[in-house]
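Using the sequences plus the hints, can you model the full thing?
Number of protein chains: 4
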Amino acid sequence: MKRQVRVGMVGYKFMGKAHSHAYRDLPFFFEPEAVPVLQAVAGRDRDGVEAAANQLGWASTETDWRRLIERDDIDLIDIVTPNHLHAEIAIAAAEAGKHILCEKPLALTVAEARRMARAAEQAGTVHMVCHNYRFAPAVQFAKKLIDDGRLGRIYHIRAQYLQDWIMDPNFPLVWRQRKEVTGSGALGDIGAHILDLARFLVGEFTAVTGMMETFIKERPQAEDDVRGEVDVDDATAFLARFENGAMGVFEATRFAGGNRNGNRFEINGEKGSIRWDLENMNNLEVYLEEDEKGMQGFRTIHCTEEVHPYAGAYWPPGHIIGYEHTFINLFSELMKGIAKGYSPSPNFADGLRNQMVLEGVERSAQSGGWIEISED
Amino acid sequence: MKRQVRVGMVGYKFMGKAHSHAYRDLPFFFEPEAVPVLQAVAGRDRDGVEAAANQLGWASTETDWRRLIERDDIDLIDIVTPNHLHAEIAIAAAEAGKHILCEKPLALTVAEARRMARAAEQAGTVHMVCHNYRFAPAVQFAKKLIDDGRLGRIYHIRAQYLQDWIMDPNFPLVWRQRKEVTGSGALGDIGAHILDLARFLVGEFTAVTGMMETFIKERPQAEDDVRGEVDVDDATAFLARFENGAMGVFEATRFAGGNRNGNRFEINGEKGSIRWDLENMNNLEVYLEEDEKGMQGFRTIHCTEEVHPYAGAYWPPGHIIGYEHTFINLFSELMKGIAKGYSPSPNFADGLRNQMVLEGVERSAQSGGWIEISED
Amino acid sequence: MKRQVRVGMVGYKFMGKAHSHAYRDLPFFFEPEAVPVLQAVAGRDRDGVEAAANQLGWASTETDWRRLIERDDIDLIDIVTPNHLHAEIAIAAAEAGKHILCEKPLALTVAEARRMARAAEQAGTVHMVCHNYRFAPAVQFAKKLIDDGRLGRIYHIRAQYLQDWIMDPNFPLVWRQRKEVTGSGALGDIGAHILDLARFLVGEFTAVTGMMETFIKERPQAEDDVRGEVDVDDATAFLARFENGAMGVFEATRFAGGNRNGNRFEINGEKGSIRWDLENMNNLEVYLEEDEKGMQGFRTIHCTEEVHPYAGAYWPPGHIIGYEHTFINLFSELMKGIAKGYSPSPNFADGLRNQMVLEGVERSAQSGGWIEISED
Amino acid sequence: MKRQVRVGMVGYKFMGKAHSHAYRDLPFFFEPEAVPVLQAVAGRDRDGVEAAANQLGWASTETDWRRLIERDDIDLIDIVTPNHLHAEIAIAAAEAGKHILCEKPLALTVAEARRMARAAEQAGTVHMVCHNYRFAPAVQFAKKLIDDGRLGRIYHIRAQYLQDWIMDPNFPLVWRQRKEVTGSGALGDIGAHILDLARFLVGEFTAVTGMMETFIKERPQAEDDVRGEVDVDDATAFLARFENGAMGVFEATRFAGGNRNGNRFEINGEKGSIRWDLENMNNLEVYLEEDEKGMQGFRTIHCTEEVHPYAGAYWPPGHIIGYEHTFINLFSELMKGIAKGYSPSPNFADGLRNQMVLEGVERSAQSGGWIEISED
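First to last, the sequence lines map onto chains A, B, C and D.
Per this note's numbering, residue 502 is the first one in the first sequence, and the count goes up by one each step.
Per this note's numbering, residue 502 is the first one in the second sequence, and the count goes up by one each step.
Per this note's numbering, residue 502 is the first one in the third sequence, and the count goes up by one each step.
Per this note's numbering, residue 502 is the first one in the fourth sequence, and the count goes up by one each step.
These aren't lab readings, by the way, just hints derived from the structure by calculation.
Any given hint might turn out to be false.
Each computed EDC-like pair below joins lysine to aspartate or glutamate, with the alpha-carbon atoms no more than 20 Å apart [stated by the list, open to error]:
| hint | chain 1 | residue 1 | chain 2 | residue 2 |
| --- | --- | --- | --- | --- |
| 1 | D | K794 | B | E791 |
| 2 | A | K518 | B | D526 |
| 3 | C | K645 | A | D792 |
| 4 | C | K794 | A | E807 |
| 5 | A | K794 | C | E793 |
| 6 | A | K794 | C | E744 |
| 7 | A | K644 | A | E532 |
| 8 | B | K645 | D | E793 |
| 9 | B | K794 | D | D669 |
| 10 | B | K718 | C | E744 |
| 11 | D | K518 | C | E806 |
| 12 | A | K644 | A | E622 |
| 13 | C | K794 | B | D669 |
| 14 | A | K680 | A | D648 |
| 15 | C | K772 | B | D669 |
| 16 | A | K718 | D | E771 |
| 17 | A | K772 | D | D669 |
| 18 | B | K518 | A | E532 |
| 19 | D | K518 | C | E793 |
| 20 | C | K772 | B | E714 |
| 21 | A | K518 | B | E532 |
| 22 | D | K645 | B | D526 |
| 23 | B | K772 | D | E793 |
| 24 | D | K514 | C | E790 |
| 25 | D | K794 | B | D669 |
Computed beta-carbon distance windows for the label pairs [as the list claims (entries may be wrong)]:
| hint | chain 1 | residue 1 | chain 2 | residue 2 | range |
| --- | --- | --- | --- | --- | --- |
| 26 | C | V727 | D | S846 | 22 to 32 Å |
| 27 | D | Q867 | A | E744 | 18 to 28 Å |
| 28 | D | D732 | C | R654 | 38 to 48 Å |
Sample of chain A residues with no beta-carbon within 12 Å of chain C, all distances over it, derived [stated by the list, open to error]:
| hint | residue |
| --- | --- |
| 29 | F515 |
| 30 | K718 |
| 31 | G746 |
| 32 | E793 |
| 33 | F799 |
| 34 | C804 |
| 35 | G869 |
Just so it is clear, CB atoms sit at the ideal spot from N, CA and C, and this is done for glycine as well.
In structure tokens, the structure reads:
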């Protein structure tokens, strides 16, 4: 009988659905050493959490996340709440000896993130941050190419996360636009993703300088039809330097009309270049300088073959997978970590480092100068 | 308590995996009126079928499909065997009063397909053929545009299903290349899919003329290292006329290097055109003649929004789905049909019609002339 | 002093403009052994031909093409008239010892084309047919790859020439839609181009079967506001077999909305595949089976480098050329042929062979069966 | 008889070829009010300049540009020399009452550019800077859409000019990499182009902050096989703010492998977005928020129709033009300006403004802070 990992999830909206699905599908596609069990889901609204448990397949519910942490029959706490609750829940979970999976960004501040990382480290439990886009087969394959030296020294990364879902001035204030709940706007929500991809593929940031903008400064509030102030960024752009000498150009915005979910990057190295775009996430474009003269050009590699990371778990070549599979792949690593007793990357140390860059960008946008990302 | 539909599946390889997954995921994404239960799976090899049942999540196994049909606790027989078994199993299932889902192509011959359609009709049970590509949101949206008259009178369809998995002459003879098991080669396997898409989007065929080719005429046989004759087509192309006056150009091949699974079509009408490609299956390209002068061009519509058929069941706009979701969508229709007592299209009548075109193409390739597709 | 080739051009509309420009630009980009001189242009309408001569840069005019052929100061007759005049002019030019460049298709019928080819052969002068698309650098590079064996044995060509300029039923009857003037419609006009590309890249046709359609059967006549019958095809599709065993699927239509000038092909061989599209004519997509596993995919090669045929005559890598340059490249071959005394391909023998396929397609469309393309 | 504009061109390499060609082709495609005459070309190397004159079609030569300016039979001085000579020649030309066309960037410094702009203004002659990419039909059409309010308030521009021609460390030091001759590296050479496009399409810059990098700091010197220091940037990136509140993200690099000439931008506005890429320069991608729900997506508009700026001068829809036509279009404006007595944009005032941004970027890269672009 395989080891079971009994999960208690806090929150149940968009990310709760994505996580629930990944737990369910994991044993179908993979043969994990540890098998997740959808033990309990917590949410303040009893009707809401029960409906969610029913639809998403959880065995029981709680209306107080503290109760979830107290339960003996829970091994892993999965945090899919708004950002301002991450720290308190994660630290409590760590102190209770639970493994932890936390949605990104890890925290509201570097200070919080550092406390979380320390708590998890002291607890000695397994911890991960849910930067799922790393786990697209095409991105993992990009990583392999870079690690194998196929691109040589890295000169450039340019990455954009472009969305357009709040461009309508009448789109109401939601929690993702309120600083006390979310920390920052586009930066922390989607900028954190491309920043994680950059850390994964290029390496550590050493300095950043950025700009932030709120194009629509007031919005209707859903509750009571009054208008409220938007105190986070609609868009953020920043320049960066990396330890290995690479230059980075980053942009995260919710005001790029026509880009529903345009998470894309290009990396240029001494020997080759790669491009990726989430909207056609199964493809990786690769240029190799070593190709013979006249035959050089970006290849569109459909990363659905046995040799592409994780792809063999799914369908034959040419049969694409989608958004949800990035979670399944990440969860396969989490289960492996729990079975073997280590915290796979991206873990809380990655989340902390990510937070340091996010905070560096915010500080640079305020000061107008470059901010060093210190070694901690 | 919702109605349950207890499924017995015959076969468990590639299609068995796709179907099993779809049954499992259906209630998660949809709220179906009838809920499938993975009751039993049948296969001749006891070890094989038990391992499959375990991995895919079936409650019990049989080593003889006839036993499956005899069982009282099975409502729906799902046939994912090689093609030559479809008829016998489907007819037996119908006679036993079971609902039936059958993989494509429906049969080896029109005669078989006609017997199957009659048996199902007489039994009065629900029947479908698993032409899953119809159920990509982008294809369903294309159908809606056509039905709404957005393309006007249809002039052209050109459709290709291009693969490359058997180009290596040392790739062994598999059942999909043996006439007695499969009926035809590229034609029946992948040609049947684009033919179904054409019937769905453009309408009924009236006449065809085609050519078939076997480029590699002998291959190693896996079993015993001798070479065997390939007696089906590696590639088939055909011209067609439709009831509504449209012209069709079709090509199905397993010798189109670089096309892992290139199922694509373009349809041109009086008022607009559409293009679709399975490898980026979430996109539909649409051209509208009504767009103002100078602003005309193919739009790339990312069919992941609430308004796109089935898309709302999954993730927010811009988050793509993949191959497996075409099955989930089809199965949602099947469950609706079972709950309400009708056979959603594509059902056995569609499968028969499809078979008539397949056979017409084969006969035209032999005779060198056009074959009328009779009204039956 | 370089040899001069004094050109007399018959006709001066769209093709007259393209040819005039190519003569003018040729010595700028190339260093041709023979230099064209724009000596005289002929047209029936005195005002029209004089205005054209003035705008396009011709030194003198004639209102009767026969007079042009009689002139001693003309070395090369360039025929850009409607198709029904090609034969008479070309034969007269040959008999007068002139070199000849003729627009495509060479003639209205095979019989005409054969007389033209014989006349030119007997005259011993240089002759070419203006199939300009062969001369896009990307197409020439494709030819080189095929000749070098990079694709291996060819299995497939699928080629389409898709336009949409007469879809409006009120678009008037023009000469390109009148059989006595043009021979056929989409087939001879644009089908002839893809047929030439197929002969150039894949080899000789051995048999064809086709279908032709006139979607709009009556149109306004520009002259007198009455409606006239359209007696040529709006669209033609055909299947083909080649001497080397390849299969071909072809389609030429003026009813493919959104395709302004969509001349595109894909060729699949044993070792690789290529794709080309006139609308982005500087690119060639190449797939090589020899690429390492996991790294296979179509490369987009921007054929603007020194190593790409003709590209070095123009601009640095990445600076694209356009439609008009295909003529300049062809004309560079014509001048080389005249300087050295041979008729570069595509010459009248190619034009005849092309005509045989065109006529084969028409006959097959009438008979409903395959037509062999005899060796002559 | 049309007015003639007798041109004297200083320099004759890559840009000299592009300009010469544009002068020659202009009267063929357009009917300009003033017609350029290729009167004289100047260069220090007598053999070189005479060979160029012969190949490019100039009537006479000079070995000293000062002599060219002294000649009475020259109306327009065209400066295609390395950048460090622009100012001296342009000022001398202005003082001699000549019209002036100057390659970009206008000067080495703002101070120089300002002197040039003043000299031209005082002389009252016509002046332009050769920012040719503005004149691609797709870019002009983009401008029209923006001016017509089709994008609404502009939120973002992200523009990249990516090249890869000096990535090989053994590529020798050329003038474009030497500060005293070129001013800056990637920034002034290609960054100046995207900066001009941004000014043209979005408006005036108000502040910038940038970073510059020299990846290969020493290179062989062609002359004498010793290595020399590279004292300009291989790559520059910068953030920007615009008068209208838009955010800009820019990157110019010669180290982006696989990008031969990747000049591309995306602009997002309140009501729509546009994208353009020089490598497929005939296309403009346009997204309109006003499109009906479900039908929204980027359209690929092939800007080759009569309604697209300048396109009508060339070929029918779907027949693409290339790099060289951007010069022809610009030159048509220059001739119009000379005929009517005004300096079309981009003129020296634009060149000055461009230089101010270039210098701002350099200064910000040194200081690490934002630099305001003053109103002058």
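Contradicted hints - numbers only: Structure breaks hints 6, 7, 9, 12, 14, 19, 22, 24, 25, 26, 28, 32, 33, 34.
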